[in-house]
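Peer 1: Sequence:
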Amino acid sequence: MSVALRPGTLPAVFMRGGTSKALMLHRRDVPGDLSVWEPVFLSAMDSPDPFGRQLNGMGGGVSSVSKICVVARSERPDADIDYTFVQVVVREGRIDLSGNCGNMLSAVGPFAVDEGLVEASDGPVRLRIFNTNTRKLIEAHFAVDDGRTLYRGDLAIPGVAGTGAPIRLDFIDPGGATTGRLLPTGAVRQSLDVPGLGPIEASLVDAANACVFVRAADLGLTGVELPAALEAIPGLLDRLGRIRRAASVAMGIAPDLDAAVRIVHVPFVGIVAPPLEAGSLSGAAVRADDIDLTARVISNGVPHQALPLTATLCLAVAARIEGSLVHEAARPTDVALRVGMPSGILTADAAVTRGPDGWRAERGAFFRTTRPLMRGAVYVDAAPLSA
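For the sequence shown, the numbering used here assigns the number 191 to the initial residue and increments by one for each residue that follows.
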């Protein structure tokens, strides 16, 4: 049995993983019943916050930095670590455990090594991570030196200043992570009946996390708009929200539209276009010749500043599925897919096969960097319970 440091605090490490940040918690230090996690986690991050800034907690006002990862040594024979991802909704008083976070996944293995949850010899390390949200296995490959994770390196990722040591993440059999099926409706593309909008052509794909992909042109967009420009278009986020909810019901994630309102993490909405010249948030140009696809993603109701990693993996898988809207927009390639997005270019690889039973995603992979930012205790108004 383990308890928090004292009533009103939780031991925590604050880490960046990819283009996200989260509180990293030991499973032993949080209440055993998931139903009582919510008040503790909402207090830690400062949600709900009608101002959208989370100044009274550890959150940063956008979904990519309002996250919590709960980590434990796994008792499964096929895994080393169990990882539960918690999305803390910024403006609403609730948490969402419906999906995985690929960016923060890059921090899970290093956290486990540094916190002594697993033993690792110096040199290259492979850890098997079981994501409890999606019940999928992911292999994390990184380096350990003198018993600690090696964080310094030469890999630069778009959206993060500086460089770090590479963390390779291999998703094993990522299809059906949310719904149990790579193509939840059985169709590669379909006409989605969206209440208040009418029919719109979409591809509903579930790999690493469920996504609904639509053409930028069908929304009156070019596909190269930056997040602020998307938010400034009157009614656009409402239309995209309607598409997301209709897709949620069609994919079987939510039983009805009212329930779909409360499941905010999945499906992601992906807006796709062919390779196009574009600007980026850093001011650097994204050249059409350097990418295979242009994409923007709506995450938790707002345009993502980069791309969620699980959505990027789903894009790479969908690009290999003939007939999908992503396949239609992407430049044909036999190597990793290069996606032009708001923060630059993101690359993800996927292996997809087609057999008698249909399409199957065998694996997906990408590289991230991570870094611990702080170790200590986080204050919470709702006193944590013994685990």
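Some hints here could point you the wrong way.
Claimed, not checked - Just the calculated beta-carbon pair ranges, DEER-fashion: (1) G442 with V525: 46 to 54 Å; (2) R477 with G198: 46 to 54 Å; (3) T412 with E309: 48 to 56 Å; (4) T412 with P267: 46 to 54 Å.
No wet-lab data here; the hints were simulated from the structure.
Predicted model only: the values in this text are computed from it and were never measured.
Glycine residues also receive a C-beta, built at the ideal position from the N, C-alpha and C atoms.
Peer 1: Against this structure, judge whether each hint is valid.
Peer 2: Hint-by-hint comparison with the structure:
no.: 1; hint: G442 with V525: 46 to 54 Å; verdict: violated, 33 Å
no.: 2; hint: R477 with G198: 46 to 54 Å; verdict: holds, 52 Å
no.: 3; hint: T412 with E309: 48 to 56 Å; verdict: holds, 51 Å
no.: 4; hint: T412 with P267: 46 to 54 Å; verdict: holds, 50 Å
Hint compliance for this structure: hint 1 alone is broken.
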